[in-house]
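**Student:** Sequence:
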Amino acid sequence: MTSVRANAEDEFNPTLEVGVVQQFGKKPTDTLILKAKPDDHLILRFQSPEGEKVLHTLSVVLKMEMQPLPEPFVDERIILSSHRSYETADEEAQKWREMGIEVELAQPDLWQVWAKRSVYNTPLLRRWLLESLKAQGHQKVRLETQVLKQQRIPYWVLGGYRYNRHELQVSASQDMIEVHKSSKDPTPMTYGGSLELQPDAYGTHSLVNHVPLETYLRGVVPHEMGAWPPDASIEAQAILSRTYALRNLRRFEADNYEICANTDCQVYKGLTEVYPSTDRAIAVTEGLVLTYNNELADAVYFSSSGGVTANFHDIWNGPERSYLRSVVDSPGQVWDLSANSLASEQNFRRFMSLQKGFNEEGWVDFRWREATSLKAMTAHLKYYLERKYNIKPDFKTIKQVKVTQRSPSGRVLQMEVQTDKETIKIEKDEIQNAFWPPISTLFYVDPIYDQDKKLDGYVFVGGGFGHGVGLSQTGSYKLSELGWSSERILKFYFPGTELKRLSESIIFW
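Numbers 50 to 558, taken from this note's numbering, label the letters of the sequence shown in order.
Hints listed in this document are in silico derivations from the structure and should not be mistaken for laboratory results. Predicted, not measured: the structure shown is a model, and the values here were computed from it. Be careful, since some hints might not be right.
As the list claims (entries may be wrong) - Below, simulated SDA-like cross-link-like pairs (lysine to any residue); rule was C-alpha separation at most 20 angstroms, straight line:
1) 405 to 382
2) 165 to 303
3) 165 to 252
4) 451 to 405
With the sequences and hints as input, model every part of the structure.
**Tutor:** Right, here's the structure in full:
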């Protein structure tokens, strides 16, 4: 952990590196069209044998070409584990570090913990590590090997010349650039700041937006919270999004940028759609962050809680965050968690029958019910296991599914799946990848039988949408309508935290 150090120029408004296009070139037809705004032009900078070259243009079309390598190249990495979430992957990475193994986190699809490529940089070292780990009982560690005969090279054509480069910097005098993913892209994005095309860890490329923090928030807050909720809700979102960004700047170190632009980080759409209400909330809260013991808080949030938020460890593994603890999502006393733990199946089902008195009362995701067939569940579970472990499961069908452990907040901690071959245990947020129906882990399951009284599927009955840790965006609307300030809302969902203005004394994660 380090404390922030700002200079007079940034005034605690640092330039972020946001991966707005990930794995460009994964499809051979991938295209990016960058355009200047009216009465402006693009400035392209890249390296040539003579040094830096600068070109000026109104637009540029980036495409990808496969070029043969002079000789085949063996691309290898040791994958130590795969995870649905960064939080659990980060905790797993720490366990490997404690064993003396240097690691890095990557996200080719799922989050993965890799043995650090710069350390285990020869075939001999990688195989030695793999064999030693398997001898210690780590049977799911695997070596991923590809023999590459071609490489992806981005290119563009300007003034009759074709340029092939792995890296390209693009800026504009107005600091606004349009990005289209095709000539008929229905939803082009406009980004403030500058853009850079650069290689990633997977043989593809990233388009990275270099953008000041407060400008970045203009592209996050309206797409995470919306522009229509009461002011206090939007202000709370602005504070959380600012805190979240600054705390999570190391997520994409393997790809040489800081944070992504989708729900694996925060949804960011640049300056494509900005609104007076969200701009006002960002300005009013400028420099404010959520802290705990003078350290940036883990400022997580989600759509709706289903009436009760989750403890951090109900969803993810990792160091304790005492301020990320379960609260009943209501301004009144509709349920006493200390006297009626939702770890009890009976209590939980009784709680799920309640409809009134909650902050999210009347919202579509407050309570939900979704039935699925045994055939569909089996197919989805097989897909999940193959994606996670890179091994085709050999079972034919699911025989039984049951909740075997539930937390005091009602979240499912473990499910047990009996197949015709084996029993599989799935924990915490991985459950949402293993089964299609649940949009949260706040649910119970009941069997569905056909007319011959044979098991035909299960119905998932639950509440809420998202992981359930931290602030409920939907719940905050109600509290705002009741006249609560953004500070009071944040202290309700994050007990024990404080709002502080960014300063050199605040510790970053």
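**Student:** For residue 451 and residue 405, compute the direct alpha-carbon distance and say whether it is at most 20 angstroms.
**Tutor:** violated, 28 angstroms
**Student:** Hey, residue 405 versus residue 382, does the alpha-carbon distance stay inside 20 angstroms?
**Tutor:** Satisfied, since the Cα-Cα distance of roughly 11 angstroms is no more than 20 angstroms.
**Student:** Is the straight-line distance between the alpha-carbon of residue 165 and that of residue 303 20 angstroms or less?
**Tutor:** holds, 9 angstroms
**Student:** With the threshold set at 20 angstroms, check whether the alpha-carbon distance from residue 165 to residue 252 stays at or below it.
**Tutor:** Given that 20 angstroms is the threshold and the Cα spacing comes to 16 angstroms, the pair holds.
In summary, the structure is inconsistent with hint 4 from the numbered list given earlier, while agreeing with all the others.
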